[in-house]
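Participant: Single-letter residue listing:
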Amino acid sequence: MAQETRVAEEGKVEEKVKMLDIYIMGKRYKVPDAGLTIQAALEYCGYNLIRGCGCREGFCGACATIYNFTYDPTIKYGLACQTVVEQNMVITQIPFFPAAESLYNVGDLQPKEGVNKLAELYPDILTCFGCNNCTKTCPQNLEVMEFVSDAIRGDYEKVYEKSFDCLLCGLCAARCPQGLQPYNIALAGRRLRGAYLAPKSQHNLDRVKEIEEGNFDADMEKLKKMSADELRELYAKREIEPAL
Amino acid sequence: MAEAEVAEKVRMFDIYVMEKRYKVPEGLTIQTALEYCGYRLIRGCGCRGGSCGACATVYNFTHDPTLRYGLACQTAVEQDMCVVQIPCFPTAKPSYDLKELKPTGEQVLEIYPDLATCFGCNNCTQSCPQDIEVMDFMSAALRGDFSAVTAESFECVMCGMCAARCPQGLSPYNIAMLIRRLHGRYLLPKSKHLEEKVKEIEEGKYDAEYEKLRSTPMEELRRIYDERWIEPK
Amino acid sequence: MPYPPYMEESIRKLEASRQRRMKEEIPLISSDERDMIVRKYHPDYRETGKRKLLLGPNKDETMPEELANQLEGNSRVDPDKVDLSKIDYDVDVLIIGSGGAGLSAALLAQENGARVLIATKLRLGDSNTIGAEGGTQAADRPNDSPVLHYLDTMGGGHFENVPELVWAMARDAPMAIKWLEDLGVNWDKETDGSMRELELAGECRRRVHSCKDYTGLEVMRVLRDEVRCRDNIDYIEFEPAIELIMDDEGQVAGAILVNLETNKLSPVRAKAVIVATGGLGRLHTQGFPTTNHYGATADGLAMAYRVGCSLIYGDSIQYHPTGAVYPLQLVGILITENVRALGGQIINIDGEQVACNLEPRDILASFEIRECTERHKGITTSAGNVGVWEDIPLIDMLHGEGTIARRLPSLVHKFRRFNIDLIHEPVLVYPTLHYQNGGVRMDANSATEVPGLWAPGEVGGGVHGQNRLGGNATLDIYVFGRRAGREAAQYAKEVKLGKLNLDHVRQWQKELEQLDIAKERPFSPMLLPNYARQPSDYLADLYTEKLQPGLVKLA
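Residue numbers (numbering that gives the first Met the number 0), protein chains in the order written: chain A, 0 to 243; chain B, 0 to 232; chain C, 0 to 554.
To be clear, the hints were calculated from the coordinates, so they are not data collected in a lab.
Values in this document were obtained by computation on a predicted structure and should not be read as measured data.
Cβ coordinates follow ideal geometry from the N, Cα and C atoms, glycine included.
Please note that a few of the clues may not be correct.
Stated by the list, open to error - Have a look at the derived ranges for each label pair, beta carbon to beta carbon: (1) C:T47 with A:E85: 41 to 49 Å; (2) B:E109 with A:V83: 43 to 51 Å; (3) C:P3 with B:L186: 42 to 50 Å; (4) A:N47 with C:N231: 12 to 20 Å; (5) B:E208 with C:R50: 15 to 23 Å; (6) A:N47 with B:S94: 27 to 35 Å; (7) C:R50 with B:R213: 30 to 38 Å; (8) C:T47 with B:S94: 51 to 59 Å; (9) C:N231 with A:E85: 21 to 29 Å; (10) B:K198 with C:D31: 51 to 59 Å; (11) C:R50 with B:K8: 34 to 42 Å.
Said to hold, decoys possible - Taking lysine to aspartate or glutamate and the EDC-like style, the derived pairs with C-alpha atoms no more than 20 Å apart in a straight line are: (12) A:K26 with C:E260; (13) C:K263 with A:E238; (14) C:K492 with C:E110.
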């Protein structure tokens with residue numbers, strides 16, 4: 000039954016909609032020219048995705064895809080769930096690439112004067128020869144080469160700023176000729192910055208102290224003892240801070 | 000054999016298949032280890048004997064991030080190995096008609112203009128599971144030295160790993176393929192005795208003798224066979 | 000020391016006898032003696048592991064059990080569920096399989112005006128051809144002739160070969176070599192262009208052409224490249240055929256393909272079909288390991304049998320005498336006959352030769368089996384495998400240092416990965432399942448008994464008789480592949496196809512039901528062997544609606 004229905008449906012689709020030729024791992028398929036993403040196109044062709052699929056909305060990096068076109072060998076990179084198929088697109092997914100990451104505690108990241116913590120964790124970083132492949136691969140269009148240079152110079156703040164949108168899809172590691180993993184290096188840089196370099200939130204620290212010292216305990220007890228009506232009245236009368 | 004029984008008798012390794020940890024007995028190749036873990040291979044499996052390149056694998060170790068490359072069917076598993084297969088990598092291969100090509104370096108550049116963008120990073124050599132000096136033949140290709148390319152690339156099983164790792168998007172294996180064909184057709188001297196023999200056959204020189212053998216009775220045929228002169232090795 | 004201590008004594012004996020053995024010549028045995036040793040020791044003649052076929056063109060004939068199961072298998076297709084009016088591809092020539100025969104057929108069919116579609120189970124070019132090491136026979140030297148090639152082939156096949164097929168192959172052989180040379184294959188040559196040729200077992204002249212020990216790979220790389228370059232040859236990978244389609248005139252009219260990754264079925268309408276599916280090594284007849292590639296599961300035999308093609312010598316299986324035995328990771332892989340052509344000898348545990356090293360394969364395999372079983376002179380590994388030595392280092396001693404490295408680079412490489420240095424150390428060998436001598440009955444153009452269907456290459460039968468000579472398989476594929484392509488293209492111009500149907504499947508399944516064996520038989524073609532470990536706590540199919548009792552339910 001299912002086979003018949005699918006065949007009949009396909010026939011109907013092809014009558015009404017222009018079809019595109021795409022190539023999945025070298026196999027040619029026809030998919031409707033209807034704005035399908037690479038991910039939707041894979042499923043249209045009958046693939047039941049196990050690897051290479053995650054949030055389906057551009058946040059998690061699971062569906063990193065490498066592609067080019069039959070008429071143009073230049074390699075391009077994108078997220079399958081966010082990239083629309085085009086005529087003659089040639090697609091391969093690399094859902095995983097081996098990258099040994101350093102194991103560390105946040106405590107290990109504490110910056111030290113005169114020491115580049117990132118080079119300490121990832122010594123290979125110094126073998127980068129600036130080929131810029133990492134930048135080319137980034138489906139988020141980040142200036143990866145720049146933040147790798149920043150990492151080499153120990154400028155953690157810049158690493159944080161430039162790598163913030165990183166989804167850790169792993170494509171930069173898959174294509175780095177020196178076997179580096181820019182996404183892991185940047186992650187360590189961002190964590191270091193967040194834990195140690197970002198200005199501390201004094202008011203937060205103060206509030207935590209107040210709570211721990213029990214400053215709010217008495218008020219809380221009062222609220223717990225109120226009747227439903229009293230609570231509603233208190234709620235209706237509370238002052239609301241202007242939004243902006 | 001139940002897993003526990005296996006573990007008692009044989010040393011077990013921890014390996015990571017796309018980061019999932021499995022325990023496998025010592026002595027397996029990456030390919031048979033995948034099957035031991037329950038994977039039934041569709042992609043990434045071919046001749047199972049080291050000749051076809053289907054099972055190209057990238058791996059490293061939890062204790063050593065250096066990337067290594069091998070054929071899954073020919074590489075033994077080791078403790079803490081982390082493996083991933085790359086069964087396909089997009090490379091646009093142009094069409095050409097060998098009869099219309101000239102066996103020159105310029106001709107190769109015309110078909111593969113990107114060849115000139117190679118900057119000698121040596122990733123291709125590092126990624127070759129056949130231990131071919133890929134960088135050497137890429138240089139030879141740029142110099143138009145077809146014999147050197149043919150000799151150096153002869154063991155290429157076309158696994159595609161060099162293309163997967165070339166930062167300039169080149170496919171050394173396709174470039175070498177074209178050059179070897181040009182070498183075989185144009186640069187190796189023609190075989191005169193082959194051409195002569197083909198001519199003789201087409202002129203029907205051997206047909207009568209075959210007809211005679213065809214109608215020879217079996218006893219006689221066997222005798223002729225047993226008594227035929229065998230050229231010394 | 001790459002070999003464990005328990006093998007050391009035997010290796011020492013081998014090394015001690017080497018000088019003497021270098022000059023030792025063991026004579027070949029006669030044809031009558033050959034027949035005798037084969038009947039006693041060859042696996043084909045064992046009493047067990049075989050049975051009579053219950054239906055089909057070869058009914059009542061005995062076949063290896065594993066092959067019989069495939070031939071009598073259930074179709075994977077339910078004719079009621081396939082809509083043959085919705086054709087996915089409509090072509091002149093459909094080629095099933097993409098090894099040497101399939102690709103040769105594709106190129107010749109295209110040159111003769113056909114629109115060609117190649118449907119292949121794994122990647123384009125994945126085949127037994129790619130692992131072929133030894134070389135290709137062709138009588139192209141002045142002191143040789145196709146008639147001698149014919150004679151050698153008949154003798155090697157125990158004189159049971161079909162004469163017209165052997166002559167077609169021997170006659171076309173030099174043309175096939177030339178064709179490949181023109182396509183850019185790098186044959187081993189001397190500096191003046193003459194071909195460097197070896198003499199393999201059973202031959203009376205040196206006529207095996209090779210490309211180092213990568214002969215199959217070199218030619219497949221070229222054929223694959225040429226196929227990709229040509230217009231009008233289309234190909235689909237990971238899409239094997241599972242059933243042939245007939246028409247109401249009794250002609251083959253196409254095939255049903257299945258996408259291995261998505262399970263989608265695709266009916267193909269084709270004016271001519273060429274089945275070039277190769278061998279059956281992954282059926283592991285008589286429990287032997289194999290040199291064959293992953294997809295060698297007798298697909299073409301099963302499909303052709305179901306539409307009424309008979310097999311010839313289907314029970315004749317070649318076990319290559321030099322399959323690797325050690326290390327465990329390499330069990331079964333091929334060690335080329337070129338080693339013996341260059342002087343490598345087969346040695347028992349006492350350091351003595353087992354037989355003349357250039358006996359044809361079935362004879363040498365029988366000798367080795369006798370040596371290891373009846374005579375107890377084999378070497379047993381700790382994994383329980385048994386074998387005899389192949390003394391490879393002899394080759395450098397006979398022909399000069401560097402010969403092994405130059406002529407056998409693929410082998411040197413493979414064993415070096417496991418710390419065995421072939422330049423200084425022997426290897427353990429034993430027969431391994433290598434080739435199907437017989438196959439689908441065909442004529443000199445590899446046309447089968449059913450109109451519209453050709454079967455060139457290993458899948459076809461009759462040309463090798465009861466035993467194939469080394470160097471004739473990679474000739475068979477080019478000769479009959481080309482002939483099939485040419486003839487199929489011509490046929491496609493003239494044939495008129497009738498209405499498509501799968502009635503033969505209905506008829507087949509009915510017969511299986513009547514014989515009450517349908518439930519016992521597997522589906523065929525098998526498509527791929529299943530080497531995945533199957534512990535009892537695995538769910539059989541993740542997406543099935545039905546749960547197996549007692550198993551873990553996934554959320």
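Participant: Hints first: check each against the structure and report whether it holds.
Facilitator: Verification of the supplied hints:
Remark: the range hint 41 to 49 Å for T47 (chain C) to E85 (chain A) is contradicted by a beta-carbon distance near 60 Å. The given range of 43 to 51 Å is broken by E109 (chain B) and V83 (chain A), whose C-beta atoms sit roughly 33 Å from each other. The beta-carbon spacing between P3 (chain C) and L186 (chain B), approximately 47 Å, falls within the hinted interval of 42 to 50 Å. Separated by about 34 Å at the C-beta atoms, N47 (chain A) and N231 (chain C) break the suggested range of 12 to 20 Å.
Hint check: E208 (chain B) to R50 (chain C), Cβ distance near 43 Å, so the stated range 15 to 23 Å is violated. A C-beta distance of roughly 34 Å is found between N47 (chain A) and S94 (chain B), which places it inside the suggested range of 27 to 35 Å. For R50 (chain C) and R213 (chain B), the Cβ-Cβ distance of about 36 Å falls inside the hinted range of 30 to 38 Å, so the restraint holds. Under the hint 51 to 59 Å, the C-beta atoms of T47 (chain C) and S94 (chain B), about 53 Å apart, fit the expected range.
Between N231 (chain C) and E85 (chain A) the beta carbon distance is about 25 Å. The supplied range of 21 to 29 Å therefore holds. Here the CB-CB span from K198 (chain B) to D31 (chain C) is close to 39 Å, at odds with the stated 51 to 59 Å. Checked against the hint of 34 to 42 Å, the pair R50 (chain C) and K8 (chain B) passes, with Cβ atoms roughly 36 Å apart. Distance restraint check for K26 (chain A) and E260 (chain C): the Cα-Cα separation of roughly 11 Å lies within the 20 Å cut-off, and the hinted pair is therefore satisfied.
Our distance criterion of 20 Å between C-alpha atoms is broken by K263 (chain C) and E238 (chain A), whose separation comes to about 64 Å. This hinted pair checks out: K492 (chain C) and E110 (chain C) have alpha carbons roughly 13 Å apart, not beyond 20 Å.
In summary, the numbered hints that this structure violates are 1, 2, 4, 5, 10, 13.
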